[in-house]
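Protein sequences appear in the order of chains F and U.
Just so we're aligned: the first sequence equals residues 1 to 168 in this note's numbering.
Just so we're aligned: the second sequence equals residues 1001 to 1167 in this note's numbering.
Note that these hints are calculated values from the structure, not bench results.
Predicted, not measured: the structure shown is a model, and the values here were computed from it.
Glycine included, C-beta positions come from ideal geometry on N, C-alpha and C.
Each hint should be verified, as a subset may be incorrect.
[What the hints assert, rightly or not] Derived list of chain U stretches under chain F, where covered just means 3 residues or more per stretch with a C-beta under 8 Å from a C-beta of chain F:
1) 1010-1018
2) 1059-1073
3) 1084-1094
4) 1146-1159
[To be verified] Below are the SDA-like pairs computed for lysine to any residue, each with C-alpha atoms no more than 20 Å apart in a straight line:
5) F:K11 to F:Q23
6) U:K1131 to F:M67
7) U:K1131 to F:R60
8) U:K1133 to U:A1111
9) U:K1131 to U:D1013
10) U:K1128 to U:G1054
11) U:K1133 to F:R69
12) U:K1133 to F:N100
13) F:K11 to F:R69
14) U:K1094 to U:I1147
15) U:K1131 to F:E66
16) U:K1094 to U:L1007
17) U:K1133 to F:M67
18) U:K1094 to U:D1024
19) U:K1128 to U:V1117
20) U:K1094 to U:Y1010
21) U:K1094 to U:L1149
22) U:K1131 to F:D61
23) F:K11 to F:Y104
24) U:K1094 to U:L1003
25) U:K1128 to U:P1028
26) U:K1131 to F:E62
27) U:K1094 to U:D1013
28) U:K1131 to F:P63
29) U:K1133 to F:E66
30) U:K1094 to U:L1145
[As the list claims (entries may be wrong)] Calculated from the model, a selection of chain F residues having no Cβ within reach of chain U, i.e. all distances over 10 Å:
31) T34
32) R60
33) R70
34) L82
35) S87
36) E93
37) I114
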Amino acid sequence: MFDLGLSEFSKWLAATEVSHVIQTTTWIIPTLQTIHILSVAAVFSAAILVDLRIWRLIERDEPLPEMARRFLPTIWPVLVILLVTGSLLIIGEPRRSLLNSTFYLKMALLVVAILLTIGLQRSISSSPNSWDRDRWRRIVGRFAATVSILVWCGILFAGRWIAYTQAG
Amino acid sequence: MHLLYALISYFEDSALADNIRENDLLFPLVESVHVLSICLVVGSILVVDLRLLGLASINRPVSRVTNGILPLTWSAFAVAVASGSLLFISNATKYLENGYFVAKILLICAAGLNMVVFHFISARDLPKWEKEKTLPFSARLAGGLSILLWVSVVTCGRWIGFTMQVH
Chain F
1 MFDLGLSEFS KWLAATEVSH VIQTTTWIIP TLQTIHILSV AAVFSAAILV DLRIWRLIER
61 DEPLPEMARR FLPTIWPVLV ILLVTGSLLI IGEPRRSLLN STFYLKMALL VVAILLTIGL
121 QRSISSSPNS WDRDRWRRIV GRFAATVSIL VWCGILFAGR WIAYTQAG
Chain U
1001 MHLLYALISY FEDSALADNI RENDLLFPLV ESVHVLSICL VVGSILVVDL RLLGLASINR
1061 PVSRVTNGIL PLTWSAFAVA VASGSLLFIS NATKYLENGY FVAKILLICA AGLNMVVFHF
1121 ISARDLPKWE KEKTLPFSAR LAGGLSILLW VSVVTCGRWI GFTMQVH
């Protein structure tokens, strides 16, 4: 499934100085993973809270645009932390992810989640008043929220599954 | 104590525990549910903690934030406890010997105690100050402690995976 280039690249990456330090200092990988999972908790919860509000399951007394303004903006800076810790984890153990199809599934789902969140954030702020009243918008919104919940859950599952599907 | 150990080994020897231990799919599946629910617990409780610290949701009274968010936190916590118990019984003896596991359980109890203290002592006169942006020291302390404790819970949880080999 993977061409030789990726395997070669992993080998090169694993031989770098940075990778060596990450591999040999025992506390670095668990620490990076802890920061990574805490950041996942923040991003995941922010997205899910807005999705559940779209379904009117929580914070019903708070207008949706206000909900989106409270939670969605935090996703972007935390995603940067995820990118940094995730990259360092890849540098430390390149084969674990780069030669692992679960990792690519996670990245593909992440792209979908990011696009969905941008779309949601834009459409909520561009027409803040019609979300709870307009029937058509409500249906589209609930559909998008459902997809968002499923995709974010998929990302978390895939993330955990990387540990179980890594190349030997 | 004796009874507790008998109960634990009863569960550890059960067919259910055996299935989780031996099935290649079941353990990661339950583990994923556990991680997912803990993420929701920590992320949603962070919303309340940041409100108590006066760092977020400051335009909303504290009780509106807690009423809006905590039902989700409790639901996720129930799932985390259920999935965590399944993981625990699959290797109960090994988990009990793991310092990070014991620390994690104690930290969760501490987080619960912190919440009880806030709810029944610090928040008795909540209606008086819950609309303020900057809350009384005891409320801010509860928020700060909660963040610290939950971050430690997650840290211990991740460290369990590195200090014991269940697979």
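Cross-check of the supplied hints:
no. : hint               : verdict
1   : 1010-1018          : violated (count 0)
2   : 1059-1073          : holds (count 6)
3   : 1084-1094          : violated (count 0)
4   : 1146-1159          : holds (count 5)
5   : F:K11 to F:Q23     : holds (13 Å)
6   : U:K1131 to F:M67   : holds (18 Å)
7   : U:K1131 to F:R60   : holds (19 Å)
8   : U:K1133 to U:A1111 : violated (24 Å)
9   : U:K1131 to U:D1013 : violated (53 Å)
10  : U:K1128 to U:G1054 : holds (16 Å)
11  : U:K1133 to F:R69   : holds (18 Å)
12  : U:K1133 to F:N100  : violated (48 Å)
13  : F:K11 to F:R69     : violated (44 Å)
14  : U:K1094 to U:I1147 : violated (28 Å)
15  : U:K1131 to F:E66   : holds (17 Å)
16  : U:K1094 to U:L1007 : holds (15 Å)
17  : U:K1133 to F:M67   : holds (18 Å)
18  : U:K1094 to U:D1024 : holds (19 Å)
19  : U:K1128 to U:V1117 : holds (18 Å)
20  : U:K1094 to U:Y1010 : holds (15 Å)
21  : U:K1094 to U:L1149 : violated (24 Å)
22  : U:K1131 to F:D61   : holds (16 Å)
23  : F:K11 to F:Y104    : holds (18 Å)
24  : U:K1094 to U:L1003 : holds (18 Å)
25  : U:K1128 to U:P1028 : violated (47 Å)
26  : U:K1131 to F:E62   : holds (16 Å)
27  : U:K1094 to U:D1013 : holds (13 Å)
28  : U:K1131 to F:P63   : holds (18 Å)
29  : U:K1133 to F:E66   : holds (18 Å)
30  : U:K1094 to U:L1145 : violated (30 Å)
31  : T34                : violated (5 Å)
32  : R60                : violated (8 Å)
33  : R70                : violated (6 Å)
34  : L82                : holds (12 Å)
35  : S87                : holds (18 Å)
36  : E93                : holds (13 Å)
37  : I114               : holds (18 Å)
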